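There are 2 protein chains.
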Amino acid sequence: MNVTQTPFGLKLGAFMNLTVEESAELSQLHSRRKKFAHGTDMIYQGQPKQAAYVLASGWACSYRLLSGGERQIISFNIPGDFLGMRSMMAHNTDHNIEPVTRAEASEVLAADLSQTFKNSPRFTAAMLWAISRDEAILMEHLVGIGRRDAKERTAHLLLELHARLKLVKMTSSSSFACPLTQYLLGDALGLSAVHVNRVLRELREDGLVTFQHGEVEFQDLKGLIALADFDSDYLDQNGVLLN
Amino acid sequence: MNVTQTPFGLKLGAFMNLTVEESAELSQLHSRRKKFAHGTDMIYQGQPKQAAYVLASGWACSYRLLSGGERQIISFNIPGDFLGMRSMMAHNTDHNIEPVTRAEASEVLAADLSQTFKNSPRFTAAMLWAISRDEAILMEHLVGIGRRDAKERTAHLLLELHARLKLVKMTSSSSFACPLTQYLLGDALGLSAVHVNRVLRELREDGLVTFQHGEVEFQDLKGLIALADFDSDYLDQNGVLLN
DNA sequence: TTGCTGTTTTGATGTGGATCAATGTTATCC
DNA sequence: GGATAACATTGATCCACATCAAAACAGCAA
Chain B
1 MNVTQTPFGL
11 KLGAFMNLTV
21 EESAELSQLH
31 SRRKKFAHGT
41 DMIYQGQPKQ
51 AAYVLASGWA
61 CSYRLLSGGE
71 RQIISFNIPG
81 DFLGMRSMMA
91 HNTDHNIEPV
101 TRAEASEVLA
111 ADLSQTFKNS
121 PRFTAAMLWA
131 ISRDEAILME
141 HLVGIGRRDA
151 KERTAHLLLE
161 LHARLKLVKM
171 TSSSSFACPL
181 TQYLLGDALG
191 LSAVHVNRVL
201 RELREDGLVT
211 FQHGEVEFQD
221 LKGLIALADF
231 DSDYLDQNGV
241 LLN
Chain F
1 MNVTQTPFGL
11 KLGAFMNLTV
21 EESAELSQLH
31 SRRKKFAHGT
41 DMIYQGQPKQ
51 AAYVLASGWA
61 CSYRLLSGGE
71 RQIISFNIPG
81 DFLGMRSMMA
91 HNTDHNIEPV
101 TRAEASEVLA
111 ADLSQTFKNS
121 PRFTAAMLWA
131 ISRDEAILME
141 HLVGIGRRDA
151 KERTAHLLLE
161 LHARLKLVKM
171 TSSSSFACPL
181 TQYLLGDALG
191 LSAVHVNRVL
201 RELREDGLVT
211 FQHGEVEFQD
221 LKGLIALADF
231 DSDYLDQNGV
241 LLN
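Going down the list, the protein sequences come from chains B and F. If you count the first sequence from 1, position 230 lands on 230 in our numbering, and the numbers rise without skipping. If you count the second sequence from 1, position 82 lands on 82 in our numbering, and the numbers rise without skipping.
It should be emphasised that the hints constitute simulated quantities derived from the structure, not laboratory data. Quantities reported herein were computed from a predicted structural model and do not represent experimental measurements. Treat the hints with caution; some may be incorrect.
What the hints assert, rightly or not - Pairs of lysine-lysine, DSSO-like flavour, derived with a Cα cap of 27 Å:
no., chain 1, residue 1, chain 2, residue 2
1, B, 151, F, 151
2, B, 35, B, 166
3, F, 34, F, 118
4, B, 34, B, 118
5, F, 166, B, 118
6, F, 151, F, 166
Claimed, not checked - Looking from chain F toward chain B, a few residues come up when the C-beta cut is under 7 Å (computed):
no., residue
7, 70
8, 72
9, 89
10, 128
11, 132
12, 135
13, 145
14, 146
15, 149
Every residue gets a Cβ at the ideal spot worked out from N, C-alpha and C, and that includes glycine.
Model the full assembly from the supplied sequences, consistent with the hints where possible.
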């Protein structure tokens, strides 16, 4: 299979066109495939070997648990995302990553990665781009929790997921399959699951989006974008989407 | 001056010992010095040239403005921090960085940086470490805003700043100089300045910390750490601090 | 000394979202 | 067909923090 058509390839393609050699290099990284079932952590505190993964299929989420038992989901991960850069670089891993659905991922060894960095400066740049983009997503998430109310926040997240999934060709024009429960949404949005439910109902009643039976459908995309004050620039993929 | 004693050198030193050659390489990056006054943005939306900086002295903060006029401070930056990685990699800059005090920073050109990456894989790793660490700080911030109450959050931020400043030798054992206003704290913590004031008073009355006249003083460090549920692991600098 | 400007402090009142407690829905398995 | 489990929905009550308003204070310029 052509690597440029994998989710990871599609994503990096938003930053630059991959040469034949780079595609080959990428295939290497992409070889050691692993499967994860719902309920088993992919990355966790105190794990023996520092590993990183490229998510090939399925969704995951990274989260932190507080001593009081509450949890905060840091980010949702979709196919093409690179997981665990931090657990590879840092001496302690302080957050967990668990699959939301069944998931497949390619394990990336630190040695291989640094070899690839050496071989291809352009690939290095692309990885830095991907990392910065993840950071931008995190920032936007922070802004949402800090300064947007529950409705705006929820709308924003749905719009973001739509845009990100679009990049890896996992959407139809105005809907996408979404395996997240209201509990997961709550843990990500800093809301109770109960309140997430109310917010989703309001959005539905306003004729903006519906989220039912694992499917998010946008009824009024413009209205939703206005409500959420959503500007996709931070995802840095507009050039690609316009093509 | 020995680069290893600059804040940036001290910080990277937490990850690895710099060789003589690496120090030289680092000095190169560190040469084009610029000054910034309070009130002029260092990095802003739509700026002509993509630049990055290493903060040499003074404090800064990066923030996002919402259409409603509210702002969310993403992070506070102290000497040794690398600023603007994202504005260098991405096609659009979506957040601003402004100095909190007068500040000096070394401008880093994209070309120089990628050259340095090519020359020194170890430096590349150190930069990735620094980036991951920034991401971890951001995550912790997110967790705080999402799941901690105002008092815990405030305490946590003060403890984090103390630990980070320690790494670049800008603290005394139980206090540090802090140029932040209560408005800035509020914008970072997702609180109103009024509420920040009340929280600071409570912390003072509890005999935990005082923050007055630009000086943060810890009265009961253990108590504060317990209150904030603070675990410095995420800063990945414990090994260094123990030496 | 007198402002002027930015910052801190305190009080009174209002609200978004948490929490508690049920009930409804759907899927799965026997 | 009933039992069980996971998830979604709705109502009632409460509190942490926002918002509004005003005063006290510090630093600085003239």
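Hint check:
1. Distance restraint check for residue 151 of chain B and residue 151 of chain F: the Cα-Cα separation of roughly 25 Å lies within the 27 Å cut-off, and the hinted pair is therefore satisfied.
2. Between the alpha carbons of residue 35 of chain B and residue 166 of chain B the distance comes to roughly 24 Å, so the proposed pair stays at or under 27 Å and holds.
3. Between the alpha carbons of residue 34 of chain F and residue 118 of chain F the distance comes to roughly 26 Å, so the proposed pair stays at or under 27 Å and holds.
4. As the CA atoms of residue 34 of chain B and residue 118 of chain B are separated by approximately 26 Å, the hinted pair is consistent with the 27 Å bound.
5. Of the supplied pair hints, the one linking residue 166 of chain F and residue 118 of chain B is violated, its CA atoms being roughly 34 Å apart against a limit of 27 Å.
6. The hinted pair formed by residue 151 of chain F and residue 166 of chain F meets the criterion: a straight-line CA distance of about 23 Å does not exceed 27 Å.
7. A least Cβ separation of about 5 Å between residue 70 of chain F and chain B falls short of the 7 Å threshold, and the interface hint therefore holds.
8. The beta carbon of residue 72 of chain F is positioned within 7 Å of a beta carbon in chain B (closest approach about 4 Å), and the interface hint is therefore held.
9. Among the interface hints, the one on residue 89 of chain F holds; its C-beta lies about 4 Å from the nearest C-beta in chain B, closer than the 7 Å criterion.
10. Against a cut-off of 7 Å between C-beta atoms, the interface hint on residue 128 of chain F holds, since the closest Cβ of chain B lies about 5 Å away.
11. Annotation: residue 132 of chain F was flagged as interfacial toward chain B, and the flag holds, the nearest CB pair being 4 Å apart, inside 7 Å.
12. For residue 135 of chain F, the suggested interface contact is upheld, since its CB lies about 6 Å from the closest CB of chain B, less than 7 Å.
13. About 5 Å separates the beta-carbon of residue 145 of chain F from the nearest beta-carbon of chain B, less than 7 Å, and the hint is met.
14. Hint status for residue 146 of chain F relative to chain B: holds, with the closest Cβ pair at about 4 Å, below 7 Å.
15. Here the hint on residue 149 of chain F is broken, as its CB sits about 11 Å from the closest CB of chain B, past 7 Å.
Checked against the numbered hints given earlier, the structure breaks hints 5 and 15 and satisfies all the rest.
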